[in-house]
Structure formats: C-alpha cells, structure tokens
Amino acid sequence: MNLSSSTDAGTLVVTVNESRIDASVAIQFKDRMRVETEGQEGRVVLDLSRVEFIDSSGLGAIVASMKELGTDRRLDLSCLSENVDKVFRLTRMDTVFRIHDSLTDALAH
Amino acid sequence: MTSLTSTFAIELDGTPQAVRSALADVRKRLEGSDMSSEMQGRVEIVLAEILNNIVEHALAEVENGKISLRFERSGSECAVRIEDNGSAMPDSTLSRTRLPELETEFHDLPEGGFGWALVKMLARDVRYVRLSGKNRLELVLSSVPEAG
Chain A
1 MNLSSSTDAG TLVVTVNESR IDASVAIQFK DRMRVETEGQ EGRVVLDLSR
51 VEFIDSSGLG AIVASMKELG TDRRLDLSCL SENVDKVFRL TRMDTVFRIH
101 DSLTDALAH
Chain B
1001 MTSLTSTFAI ELDGTPQAVR SALADVRKRL EGSDMSSEMQ GRVEIVLAEI
1051 LNNIVEHALA EVENGKISLR FERSGSECAV RIEDNGSAMP DSTLSRTRLP
1101 ELETEFHDLP EGGFGWALVK MLARDVRYVR LSGKNRLELV LSSVPEAG
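First to last, the sequence lines map onto chains A and B.
Everything in the first sequence is counted per this note's numbering, starting at 1 for the first residue and increasing by one.
Everything in the second sequence is counted per this note's numbering, starting at 1001 for the first residue and increasing by one.
Hints were generated in silico from the structure; no laboratory data involved.
Treat the hints loosely; a few may be bogus.
Pairs of lysine-lysine residues, derived as DSS-like cross-links and limited to a Cα-Cα distance of at most 30 Å, are as follows [claimed, not checked]:
{"no.": "1", "chain 1": "A", "residue 1": "K86", "chain 2": "B", "residue 2": "K1028"}
{"no.": "2", "chain 1": "B", "residue 1": "K1134", "chain 2": "B", "residue 2": "K1066"}
{"no.": "3", "chain 1": "A", "residue 1": "K67", "chain 2": "B", "residue 2": "K1120"}
Facing chain A, a subset of chain B residues (Cβ under 7 Å, in silico) [as the list claims (entries may be wrong)]:
{"no.": "4", "residue": "L1102"}
{"no.": "5", "residue": "F1106"}
{"no.": "6", "residue": "G1115"}
For glycine and all other residues, C-beta sits at the position ideal for the given N, C-alpha and C.
Model the full structure from these sequences, guided by the hints.
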C-alpha cells in the first residue's frame, strides 16, 4: 500500500498511489495512514485521484483512519472516481466526509 | 468487442488475494465488451462484497476454501451464481438490508456492515440456498439501475 504525503499551507495531503483500496489491503492502508499522519497537526486531505475501486472494507479503513485522527483533525477526501463516489453515496458516507472535486478545491477550504 | 451474450466461470481460493485477482479477471473480460462503465462498476462492487463476505465469514474456519463464480450476460441483464464450500450464511445476515446507522457519536461511526446492504441496493432477485454442504447465492444485475 503506497501512500505519500506533502504539506500545503498547514494542510497535510496524503495521496494514495494505488488503484484499489480493498479487503486485501485495508489493514495496510490504516497502518500507512497512521504513519503518514502521526506527529503532525491540522487538517488532512486524502487524495483519491488514482483510486479506481473501493469496497466496503476499504471504506471502513478510511472511516477508521478518520476516527484515529480524532475530532480535532478533519479528514477530507478529494478527487473521487465515478465508482468510488458511488460507494460513498450509496452508503451515505458522503454525508460524513467533506468531499472535494479537486485538490485545488480541497486546499481552498 | 464481444457479443451481447457472454458466459464465463471462474474458480478461486478463499483468500483476499484470490478475490482481488478474480475481480481483475472479471474486469478484463467486461472491459472488452460493450457494457457501460457504470454497469461494470456495479458488477465489480457486488462481486467484491459477496466474495469478501464469503472469505471473511463462510470460509473463515475452512481449511480448503473454494469459491466458484458463474457469470452469464444476456442483453441488459447479468445473472450471477456464486458457490462456496463454507459454513452456512446466518439468517441474520440474509435478512439485513439496512445500512449501518450514521447518526451516531463520532467515535461510534460504523467501520463495517455496508457490504450486504450494497449488494441489496445494486442487485435484485438475490436468492440463497444451502445444498449438501455448499452455499449457493444467485442474483441478477440489470443495466437499468433499481430504484433506491
């Protein structure tokens, strides 16, 4: 599970460099998110532009990561593909996360 | 470009990695067809949730877990049949159709329980039977999305 991160004006952008977040990598995703975000402060934007597929285990891993960040650090999502967006909408998780169309949008908020 | 009718069968082991490669196999077969990307996406989500559910629950205690998947497309409809040699699906799972509650405290937000609800939303005519030590699940995916 390849994640990378960079900081832009106090916002940590974590990019998922994988095409899938599924049951076979959900635990690694959570672990890698912890590594990328710990020891830092402020909002986190998860850039999903390269992710073409997510299943309910992947969705659960993103929710778990959000909960680990606690209520002081928001986890926003950006650049959801058609199929990833569908899973967030159908499960109504789009009402839990702030979802941005682009990274530019995400960083402007 | 394949014709409007296509049938294939895939056998896989009961592991998350095998599920991943089976889904890649299905995707490759559908990519070459005239099926819309929306429908291909729906097929992949439904198959992923069912196969993962089998691996995580039915085959959790089974030494030599095997799954067989049969996919038959006829025009705008796809009939799917999935069998496994695992333990029976509990009635409580089958009857569950609702999404987990999201109106909760932050730390109680659900991290699971979405899979079966997704299947019920995206597929129709979901039928489950237990026969001679096997589970058989059948469903239909239609390229006209179901209401809701």
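So, going through the hints one by one against the coordinates:
| no. | hint | result |
| --- | --- | --- |
| 1 | A:K86 / B:K1028 | holds (21 Å) |
| 2 | B:K1134 / B:K1066 | holds (10 Å) |
| 3 | A:K67 / B:K1120 | holds (27 Å) |
| 4 | L1102 | holds (6 Å) |
| 5 | F1106 | holds (5 Å) |
| 6 | G1115 | holds (4 Å) |
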